[in-house]
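Chains as they are written, first to last, in our numbering: chain V, 4 to 114; chain R, 31 to 143.
For the record, the hints were derived by calculation from the structure and aren't laboratory data.
Be aware that one or more of the hints could be misleading.
Below, a list of computed lysine-lysine pairs in the BS3-like style, where the Cα atoms sit at most 30 angstroms apart [claimed, not checked]:
no.: 1; chain 1: R; residue 1: Lys130; chain 2: R; residue 2: Lys100
no.: 2; chain 1: R; residue 1: Lys100; chain 2: R; residue 2: Lys81
no.: 3; chain 1: R; residue 1: Lys81; chain 2: R; residue 2: Lys130
no.: 4; chain 1: V; residue 1: Lys81; chain 2: V; residue 2: Lys14
no.: 5; chain 1: R; residue 1: Lys130; chain 2: V; residue 2: Lys14
no.: 6; chain 1: V; residue 1: Lys81; chain 2: R; residue 2: Lys130
no.: 7; chain 1: V; residue 1: Lys81; chain 2: V; residue 2: Lys65
no.: 8; chain 1: V; residue 1: Lys65; chain 2: R; residue 2: Lys81
no.: 9; chain 1: V; residue 1: Lys65; chain 2: V; residue 2: Lys14
Treat the numbers as computed from the prediction; the structure is a model and nothing was measured.
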Amino acid sequence: DARVTQTPRHKVTEMGQEVTMRCQPILGHNTVFWYRQTMMQGLELLAYFRNRAPLDDSGMPKDRFSAEMPDATLATLKIQPSEPRDSAVYFCASGEGHTQYFGPGTRLTVL
Amino acid sequence: GQQLNQSPQSMFIQEGEDVSMNCTSSSIFNTWLWYKQDPGEGPVLLIALYKAGELTSNGRLTAQFGITRKDSFLNISASIPSDVGIYFCAGRSNYNQGGKLIFGQGTELSVKP
Numbered sequence: 004d005a006r007v008t009q010t011p012r013h014k015v016t017e018m019g020q021e022v023t024m025r026c027q028p029i030l031g032h033n034t035v036f037w038y039r040q041t042m043m044q045g046l047e048l049l050a051y052f053r054n055r056a057p058l059d060d061s062g063m064p065k066d067r068f069s070a071e072m073p074d075a076t077l078a079t080l081k082i083q084p085s086e087p088r089d090s091a092v093y094f095c096a097s098g099e100g101h102t103q104y105f106g107p108g109t110r111l112t113v114l
Numbered sequence: 031g032q033q034l035n036q037s038p039q040s041m042f043i044q045e046g047e048d049v050s051m052n053c054t055s056s057s058i059f060n061t062w063l064w065y066k067q068d069p070g071e072g073p074v075l076l077i078a079l080y081k082a083g084e085l086t087s088n089g090r091l092t093a094q095f096g097i098t099r100k101d102s103f104l105n106i107s108a109s110i111p112s113d114v115g116i117y118f119c120a121g122r123s124n125y126n127q128g129g130k131l132i133f134g135q136g137t138e139l140s141v142k143p
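In isolation and in its complexed conformation, chain V is listed as follows (with noise of 0.2 angstroms):
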């Protein structure tokens, strides 16, 4: 049961600090996305890969915050510096075509 994993699945952190979160996208998936959750603003998409090419990032804040696809099995998503509105669940998902498939998600809280 092929699935997306996300590591670390909690994460606290001092404002000021790195945070790199990474993402495992399922075996055969040409698109890559970051996602952001929070109570307020609901799902909100970072970014975008297609083929491990950045297709968009235009959700993501770009002082702080950073997207890559090192390779077909890893994504990641830094922020530098942290800051407390950062905290929310982080989310990559991984499709082919029409459909995404989430991972569990990175809850990210920085104090």
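Starting from the known structure of chain V, fit chain R onto it as the hints suggest.
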């Protein structure tokens, strides 16, 4: 920009009752997806719809792609306690910003045994 309105926001029902929720869009979609999210987990895909008028079932769940292509509904029959969670609709067109999914705000379902 494109928006999805999902209703109701929340539902409190008795076990065994049927449930219906829907999403409407300000523009045409060519794909509708329904997801369920359990606490502490990521959304799980329930049903995918690709054609106007399409009616698709997955166990006790039935979803339809509206003929106007601007709406979709999800029905759950004979609800059980494990149906509790947040249900999201999501739509996609070839014209919205590269085909990204647009998500509704979610419907939180509570089922009383």
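To see whether the hints hold, each was checked on the structure:
Note on Lys130(R) and Lys100(R): the hinted pairing holds, with a Cα-Cα distance of about 16 angstroms set against a maximum of 30 angstroms. Restraint check for Lys100(R) and Lys81(R): the C-alpha separation of about 12 angstroms stays at or below 30 angstroms, so the hint holds. Restraint check for Lys81(R) and Lys130(R): the C-alpha separation of about 18 angstroms stays at or below 30 angstroms, so the hint holds. Of the pairs offered as hints, the one joining Lys81(V) and Lys14(V) holds, with about 13 angstroms between alpha carbons and a cut-off of 30 angstroms not exceeded.
Between Lys130(R) and Lys14(V), the direct Cα distance comes to roughly 28 angstroms. Compliance with the 30 angstroms bound is thereby established for this hinted pair. This hinted pair checks out: Lys81(V) and Lys130(R) have alpha carbons roughly 22 angstroms apart, not beyond 30 angstroms. For a cut-off of 30 angstroms, the pair hint linking Lys81(V) to Lys65(V) stands: about 11 angstroms separates their Cα positions. Of the pairs offered as hints, the one joining Lys65(V) and Lys81(R) is violated, with about 37 angstroms between alpha carbons and a cut-off of 30 angstroms exceeded.
This hinted pair checks out: Lys65(V) and Lys14(V) have alpha carbons roughly 21 angstroms apart, not beyond 30 angstroms.
Checked against the numbered hints given earlier, the structure breaks only hint 8 and satisfies all the rest.
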